[in-house]
Amino acid sequence: MQLVSMEEMRQIEALLYKEARLADESRYAEWEDLVDDDMYYWVPAGQPDADPSRTISVIADNRRRLKSRIAQLKTGMRHAQLPASPMRRVLSNVEVSKEEAPKQQGAQEYQVRANFVLYELRAQSTNTLEVWPGSVEYRVRAKPSGEWKIFYKKVSLVHGTEPLATMGFLI
Amino acid sequence: MSAFQPIPEASARAASSPDYMQLIQSDRVHASLYTSEAVYRDELEKIFYRGWVYVGHESEIRKPGDFVRRNIGEEPVILLRDRKGQFQVLKNRCAHRANLICSDEKGNAKNFMCPYHGWVFSLEGSLLDVPYPKGFTRNKEDAGLEKLPLIDSYRGFIFASFNADAGTLDDHLGNAKAVIDRAVEMSPVGEVDLSAGWAKHKFYANWKMLPENDTDGYHVNFVHASFAKVLRSHYDDAALQAEEDLESETIDWGNGHTELNLGPSYKTEMVWLGYNDSSRFPQYVAALEQAYGHEKAHESLRAGPPHTVIFPNLFIAEMNIVMFEPRGPNECVQWHTPMLLKGVSDDLNERILRQCEAALGPAGFLLADDGTISERQQISLKSGNAWLDVSRGDEREKEGPGDVRIGHVTDETTNRGFWKHYRKLMSRP
Chain A
1 MQLVSMEEMR QIEALLYKEA RLADESRYAE WEDLVDDDMY YWVPAGQPDA
51 DPSRTISVIA DNRRRLKSRI AQLKTGMRHA QLPASPMRRV LSNVEVSKEE
101 APKQQGAQEY QVRANFVLYE LRAQSTNTLE VWPGSVEYRV RAKPSGEWKI
151 FYKKVSLVHG TEPLATMGFL I
Chain B
172 MSAFQPIPEA SARAASSPDY MQLIQSDRVH ASLYTSEAVY RDELEKIFYR
222 GWVYVGHESE IRKPGDFVRR NIGEEPVILL RDRKGQFQVL KNRCAHRANL
272 ICSDEKGNAK NFMCPYHGWV FSLEGSLLDV PYPKGFTRNK EDAGLEKLPL
322 IDSYRGFIFA SFNADAGTLD DHLGNAKAVI DRAVEMSPVG EVDLSAGWAK
372 HKFYANWKML PENDTDGYHV NFVHASFAKV LRSHYDDAAL QAEEDLESET
422 IDWGNGHTEL NLGPSYKTEM VWLGYNDSSR FPQYVAALEQ AYGHEKAHES
472 LRAGPPHTVI FPNLFIAEMN IVMFEPRGPN ECVQWHTPML LKGVSDDLNE
522 RILRQCEAAL GPAGFLLADD GTISERQQIS LKSGNAWLDV SRGDEREKEG
572 PGDVRIGHVT DETTNRGFWK HYRKLMSRP
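Going line by line, the protein sequences match chains A and B.
The numbering of the first sequence is our numbering, which starts it at 1 and goes up by one.
The numbering of the second sequence is our numbering, which starts it at 172 and goes up by one.
Treat each hint with caution, since some may be false.
Cross-link-like lysine-lysine pairs, in silico, DSS-like; alpha carbons within 27 Å at most [unchecked claim]:
no., chain 1, residue 1, chain 2, residue 2
1, B, K513, B, K467
2, B, K371, A, K67
3, B, K217, B, K553
4, B, K305, B, K277
5, A, K74, B, K373
6, B, K348, B, K400
7, A, K149, A, K67
8, A, K67, B, K400
9, A, K149, A, K18
10, B, K400, A, K74
11, B, K348, A, K67
12, B, K553, B, K348
13, B, K371, A, K74
14, A, K103, A, K74
15, A, K18, A, K103
Note that these hints are calculated values from the structure, not bench results.
Okay, chain A solo, but in the shape it has when bound:
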């Protein structure tokens, strides 16, 4: 792992803040544009270190399933997000390191850790405020074309082992 330059840091933060804003505003198509073809989107149900091939997760989406998840949201018939929850999340404590051996040839890849807290108004049913705190691990890449993409997002909820309220949105 290597340290990163101010310029790299600036670009990565811009990418993550954009991702957070698009998720908050339920702009599904634009959010999906930030995701690469090998995306893995993972919300463990309990122990963050558990092996997802043997342990239940809240979400363990490969790219194909994530595509279906977004397509379901875009039908306009997904009751769990009808209407979409008004949301705002704060992303902080961002730490970035650069991968020495990128997964994709010719790309610059980075591992990012951050904390977040998300406030969600459950506008579909109880109209109460739900708080979703956790840490998030991203893997992002600058492709040879200069385009930035996210190819891994793991959301470890502080209360992941506990009963969770319906979570139809992109966390």
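Based on these hints, arrange chain B on the given structure of chain A.
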């Protein structure tokens, strides 16, 4: 020591017990059953503490000393395997000052030491040691952890009761035994494995909406329209056809056990796992043929696992196992884990796991929408002053063997079966 007076609220409650014969009619049920604190307290007593409830599966406690924490109604308990290999269910409460003995969700223990004053209890609940023993004047035999008097299992599924007079598990399960047989016989060695852990989904709604909705075949076309639009699944044939083309059934098995029988709609093998045939898993097919013979193996591969609620808190949800946990009249939790199979390849089990996550839980393609609808029902019922209709299909219901009732998949045969049994239990003094 002076005798305690009866607790005033307890006697008041008994005097003003709701009239369940009035609140539950053959064609409708009253809103207060979902909202009333008094009804909820009554349910804990008459259903969760007086009858049989599901507590866990033997694959969760394989070795002596293995334990898991559970709640039966609102009572915290520890389900464990003792040194002799016997299952035990102990109240998770120190006999001294009522501290929670065990705060780990699961683990392996030689004994349980209360962290408050250091009392030590065996896996059978006996009090082994009391620190500073000179001041301890009681009999050790009377100060053990309370042990549930009834515990029994059927093909790995462990049930218990707080009530020594609850009758036999055999009588409680009745027709549901054959349902459990169908589930475990999806495995070539007749064993399922619930070792993938539990995810828990909180509903701001009454617990009874879980068994009711989970065996309601009528909502699929509406609540799950967004799912059906983006993904092909076995529900397309089972629940999403014109009324006269639907071949699936609702079944009231008696004792509150209810099923959505989706099997009749499946024409090819393994559609219940998202495939068009079983060609992807030749070893699985061969193992089932070897174990059960050609005919039965291929019938299982076609008809798939059951979709059945076992009253009051277990749901064999096709290739998933689900538990219902009540948390007051206005909140409940649905637990789920994939029903992994013993004696099959890892890739088949991983497929079962991924399908479980797709369907169930807070972000599930199906259950997230069910959760929202249940919460909307709970909001509309808040006044406790309304009726819910359960009459659909009463006229076209067929009689099965014994007390079994069979309805069209969109009919409320399952809801009526649930409420009939509920009324019987709740009307008892």
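Pair hint K348/B and K67/A, alpha-carbon separation not exceeding 27 Å
Status violated; Cα separation ~40 Å.
Sort out whether K277/B lies within 27 Å of K305/B, counting only the CA atoms.
violated, 34 Å
Straight-line alpha-carbon gap K513/B to K467/B, limit 27 Å
The hint holds at about 18 Å.
CA of K74/A to CA of K373/B, is that 27 Å or under?
This hinted pair holds, its Cα atoms lying about 25 Å apart.
For the pair supplied as a hint, K149/A and K67/A, confirm whether the alpha-carbon distance does not exceed 27 Å.
With Cα atoms ~16 Å apart, K149/A and K67/A stay inside 27 Å; holds.
Within a Cα-Cα threshold of 27 Å, do K217/B and K553/B meet the stated pairing?
holds, 24 Å
Does K103/A lie within 27 Å of K18/A when you go C-alpha to C-alpha?
holds, 23 Å
Take a quick look at whether K348/B and K400/B sit within 27 Å of each other, Cα to Cα.
Violated. K348/B to K400/B sits at ~36 Å, over the 27 Å cutoff.
CA of K400/B to CA of K74/A, is that 27 Å or under?
Between K400/B and K74/A the Cα gap is close to 10 Å, so the pair holds against 27 Å.
Holds or violated: K67/A with K400/B, Cα cutoff 27 Å?
This hinted pair holds, its Cα atoms lying about 13 Å apart.
Take a quick look at whether K371/B and K74/A sit within 27 Å of each other, Cα to Cα.
Status holds; Cα separation ~26 Å.
Does the structure keep K553/B and K348/B at a Cα separation of 27 Å or less?
Cα-Cα ~37 Å, so violated.
In summary, the numbered hints that this structure violates are 4, 6, 11, 12 and 14.
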